[in-house]
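Participant: Take a look at the letters that make up each chain.
2 protein chains.
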Amino acid sequence: MHIPKGFTFGAAAASFKKPGKLDLGAVVSGTPAVAAGVFTTNKFKAAPVLQCKEMLADGRKFSGFLVNSGQANACTGDQGRANCRRTLNLAAQALGVPADELLPASTGVIGAQFDMDKWEAALPGLAESLGKVGPEETAKAIMTTDTVHKLASASFALKGGEVRLLGMCKGAGMISPNMATMLSFIACDADIAAEAWQAMLADCVNLTINRVTVDGDMSTNDCVMALANGASGVAVETEEDYVLLRKHLLSVLEELAYLIVMDAEGGTKVAFIEVSGAKSDADAEKVARAVGNSPLVKTALFGSDPNWGRIICAAGYSGADFKAENLVLKIGGVLVFRGGTPEPGDMDDLLGPIMKERDIVIHLDIGDGPGSTMLLASDLTRDYVSINADYRS
Amino acid sequence: MHIPKGFTFGAAAASFKKPGKLDLGAVVSGTPAVAAGVFTTNKFKAAPVLQCKEMLADGRKFSGFLVNSGQANACTGDQGRANCRRTLNLAAQALGVPADELLPASTGVIGAQFDMDKWEAALPGLAESLGKVGPEETAKAIMTTDTVHKLASASFALKGGEVRLLGMCKGAGMISPNMATMLSFIACDADIAAEAWQAMLADCVNLTINRVTVDGDMSTNDCVMALANGASGVAVETEEDYVLLRKHLLSVLEELAYLIVMDAEGGTKVAFIEVSGAKSDADAEKVARAVGNSPLVKTALFGSDPNWGRIICAAGYSGADFKAENLVLKIGGVLVFRGGTPEPGDMDDLLGPIMKERDIVIHLDIGDGPGSTMLLASDLTRDYVSINADYRS
Chain A
1 MHIPKGFTFG AAAASFKKPG KLDLGAVVSG TPAVAAGVFT TNKFKAAPVL QCKEMLADGR
61 KFSGFLVNSG QANACTGDQG RANCRRTLNL AAQALGVPAD ELLPASTGVI GAQFDMDKWE
121 AALPGLAESL GKVGPEETAK AIMTTDTVHK LASASFALKG GEVRLLGMCK GAGMISPNMA
181 TMLSFIACDA DIAAEAWQAM LADCVNLTIN RVTVDGDMST NDCVMALANG ASGVAVETEE
241 DYVLLRKHLL SVLEELAYLI VMDAEGGTKV AFIEVSGAKS DADAEKVARA VGNSPLVKTA
301 LFGSDPNWGR IICAAGYSGA DFKAENLVLK IGGVLVFRGG TPEPGDMDDL LGPIMKERDI
361 VIHLDIGDGP GSTMLLASDL TRDYVSINAD YRS
Chain B
1 MHIPKGFTFG AAAASFKKPG KLDLGAVVSG TPAVAAGVFT TNKFKAAPVL QCKEMLADGR
61 KFSGFLVNSG QANACTGDQG RANCRRTLNL AAQALGVPAD ELLPASTGVI GAQFDMDKWE
121 AALPGLAESL GKVGPEETAK AIMTTDTVHK LASASFALKG GEVRLLGMCK GAGMISPNMA
181 TMLSFIACDA DIAAEAWQAM LADCVNLTIN RVTVDGDMST NDCVMALANG ASGVAVETEE
241 DYVLLRKHLL SVLEELAYLI VMDAEGGTKV AFIEVSGAKS DADAEKVARA VGNSPLVKTA
301 LFGSDPNWGR IICAAGYSGA DFKAENLVLK IGGVLVFRGG TPEPGDMDDL LGPIMKERDI
361 VIHLDIGDGP GSTMLLASDL TRDYVSINAD YRS
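Residue numbers (this note's numbering), protein chains in the order written: chain A, 1 to 393; chain B, 1 to 393.
Calculated directly from the structure, the hints in this document are not laboratory data. It is possible that some hints are incorrect.
Here are the computed lysine to aspartate or glutamate pairs in the DMTMM-like style, where the Cα-Cα straight-line distance is at most 25 Å [stated by the list, open to error]:
(1) B:Lys17 x A:Glu343
(2) A:Lys247 x A:Asp191
(3) A:Lys17 x B:Glu343
(4) B:Lys323 x A:Asp78
(5) B:Lys5 x B:Glu254
(6) B:Lys330 x A:Asp390
(7) A:Lys18 x B:Asp346
Rough simulated footprint, nothing fancy, chain B against chain A, three-plus residues with beta-carbon under 8 Å [to be verified]:
(8) 69-77
(9) 182-191
(10) 239-253
(11) 289-302
(12) 371-382
Since the model is a prediction, treat every value here as computed from it, not as a measurement. Don't be surprised by glycine CBs; every beta carbon is placed ideally from N, CA and C.
Using the sequences provided together with the hints, build the complete structure.
Facilitator: Encoded structure:
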């Protein structure tokens with residue numbers, strides 16, 4: 001694990017989840033950092049999302065993230081906003097940072113108000129832990145139905161010297177970004193201009209975390225936020241520096257995106273749905289999302305059943321503009337369907353072993369247009385249903 | 001059960017499904033009947049759908065339906081079309097009707113070619129059964145994962161005398177119409193003009209069967225077809241006749257639509273999702289479908305969990321144009337959320353008993369626009385996953 005200079009981590013158990021479980025976390029930078037954020041486009045934005053968007057709008061620097069799991073503080077109205085601000089003030093005091101320099105994020109049940117007594121009781125413990133725990137503990141504190149904590153990091157040389165990048169996230173359910181789709185925090189010790197950092201984050205999120213789907217549900221709390229504190233003393237200046245930093249940010253986010261789908265609620269498979277030859281990227285996206293969100297495709301993946309007709313069927317109702325006879329389907333490299341007709345051969349035999357793998361590549365070529373996309377999708381399992389039918393009990 | 005005059009029913013076991021199960025059916029009218037049809041908008045239309053659209057285009061009369069379950073004859077290319085035509089010829093010969101007067105429909109696994117030997121072996125039995133079995137047996141022959149056969153009928157007086165109307169359908173999975181969504185056959189003994197019959201069918205399907213969703217998957221084989229043979233001797237002539245016939249056709253289709261959702265694969269609940277106050281009906285539809293197709297809403301329904309935040313969240317990402325603060329949510333008549341804030345009161349207490357019912361009314365008012373809609377949605381259960389993960393085994 002490569003830990004960016006100048007960042008410390010905290011974690012505490014506040015009983016937002018089950019007593020004794022880590023559910024409150026902080027990432028603090030010793031020096032104020034340039035901040036970037038990408039947020040859910042859901043009309044019902046959680047209080048912390050509204051708060052962050054407001055705080056990030058005036059372009060100042062920030063000292064860290066304050067994050068909790070167990071309560072989403074979404075659909076909580078004015079009281080939710082007031083509670084959010086109050087937790088920021090209390091936490092800033094406890095952690096010894098300026099009150100307006102912490103960015104909040106929450107995840108958990110929608111619609112319940114914060115239990116402020118629990119917050120007040122837990123914050124001294126969070127402050128106490130700061131610098132004594134590693135990013136693993138903070139990553140654990142943001143888990144809800146995740147079964148593993150999710151971290152990715154990189155260390156690499158720019159012109160001016162070594163730079164480190166660390167990302168953590170929570171995923172599991174209510175996952176289908178039209179941008180972010182969960183909570184994700186990036187810490188970096190490079191010295192970079194705010195606008196460039198924001199543009200780089202938005203660009204990389206769009207190519208990674210925005211290309212995953214678990215259940216097609218876009219959360220009220222989704223956000224990806226990134227701090228760059230310059231503590232490495234290395235400035236991002238040349239074109240080459242930008243390219244290198246972007247490359248590593250992209251790879252850290254790619255790893256987090258894969259981890260989200262791999263650890264999808266109840267999930268046992270990761271489908272790489274590739275679409276090419278579409279009239280536009282948007283059309284390719286329609287096909288990929290129809291296939292990746294189809295409960296019938298997802299249950300067939302779970303059952304390792306080469307029931308490829310369901311993939312074709314989903315493409316057919318996706319709303320994308322293409323000719324049925326142009327669609328070519330390959331699964332795991334095996335040609336399955338083209339020209340409106342199944343390929344000869346025993347597909348159950350050919351596809352059987354491929355469908356048993358954890359990672360399955362589904363390629364749909366739908367014409368000779370320039371549009372293409374890629375989407376990571378989980379399967380749909382009995383455990384997904386159990387987890388979500390009993391989430392609050 | 002009200003059986004329209006002049007119609008006879010047939011059913012046989014052809015081993016398309018498990019041996020001994022009814023999987024081949026026919027509805028035959030002694031006199032050629034006016035025909036109407038509404039078909040899937042999926043780009044990949046099954047061979048029987050393409051065949052019916054072609055046959056219905058020239059406005060002639062028809063003598064009946066030929067239908068099988070176990071094999072969808074979809075994504076089967078030219079060979080699938082040729083097989084479809086061959087089954088029509090063989091069946092017409094066996095049943096003693098003109099070869100071009102049978103309308104075909106198929107349901108089952110996509111992508112497999114018909115086993116023509118099985119067809120040839122089974123058709124004498126189908127002919128043998130004609131008139132000896134009732135509509136129950138034909139309705140059983142179109143079942144796939146349905147647990148009950150689905151029939152609805154009506155008998156009512158027009159100016160000229162008594163008229164009868166009978167509908168049957170199969171549902172269960174791959175259910176989300178952008179029009180039809182399964183196989184449905186209507187028989188009526190009124191004497192009505194072809195154009196009026198088609199318009200009435202399309203209108204009524206749009207208000208009933210198009211307003212259900214099980215899994216958001218629109219099948220390659222969906223169709224609703226209706227025959228009116230005039231055998232009652234009662235002509236539909238006056239405005240009042242049309243209104244009465246439409247009223248009863250609507251109620252037969254409403255009953256079939258409810259049966260489809262009630263018997264959804266693995267389903268235990270029927271949610272009546274009502275949306276009002278939208279800018280347009282299309283916007284209301286977006287909200288209803290986002291809520292009705294959300295795996296998180298559907299698993300909460302299954303768990304009888306009053307996790308209303310998931311309903312709000314789905315409305316928020318639906319893409320409908322409305323203001324978050326205008327949304328008012330009621331569940332089973334209980335006011336839950338308005339003005340961006342949860343209503344006071346213990347919602348678990350208030351909603352608990354409502355969520356335990358089989359039928360649950362979810363009402364979302366999203367503004368003061370004229371747009372509204374209604375959608376019937378099933379829940380998402382462990383059994384849905386089991387049924388679809390193991391469908392072909």
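Participant: For every hint, state whether the structure bears it out.
Facilitator: Now for the hints, and whether the structure bears them out:
no.	hint	result
1	B:Lys17 x A:Glu343	holds, 24 Å
2	A:Lys247 x A:Asp191	holds, 16 Å
3	A:Lys17 x B:Glu343	holds, 24 Å
4	B:Lys323 x A:Asp78	holds, 16 Å
5	B:Lys5 x B:Glu254	holds, 22 Å
6	B:Lys330 x A:Asp390	holds, 22 Å
7	A:Lys18 x B:Asp346	holds, 21 Å
8	69-77	holds (count 5)
9	182-191	violated (count 0)
10	239-253	violated (count 0)
11	289-302	holds (count 7)
12	371-382	holds (count 3)
Hints 9 and 10 from the earlier list are contradicted by this structure; the remaining hints agree with it.
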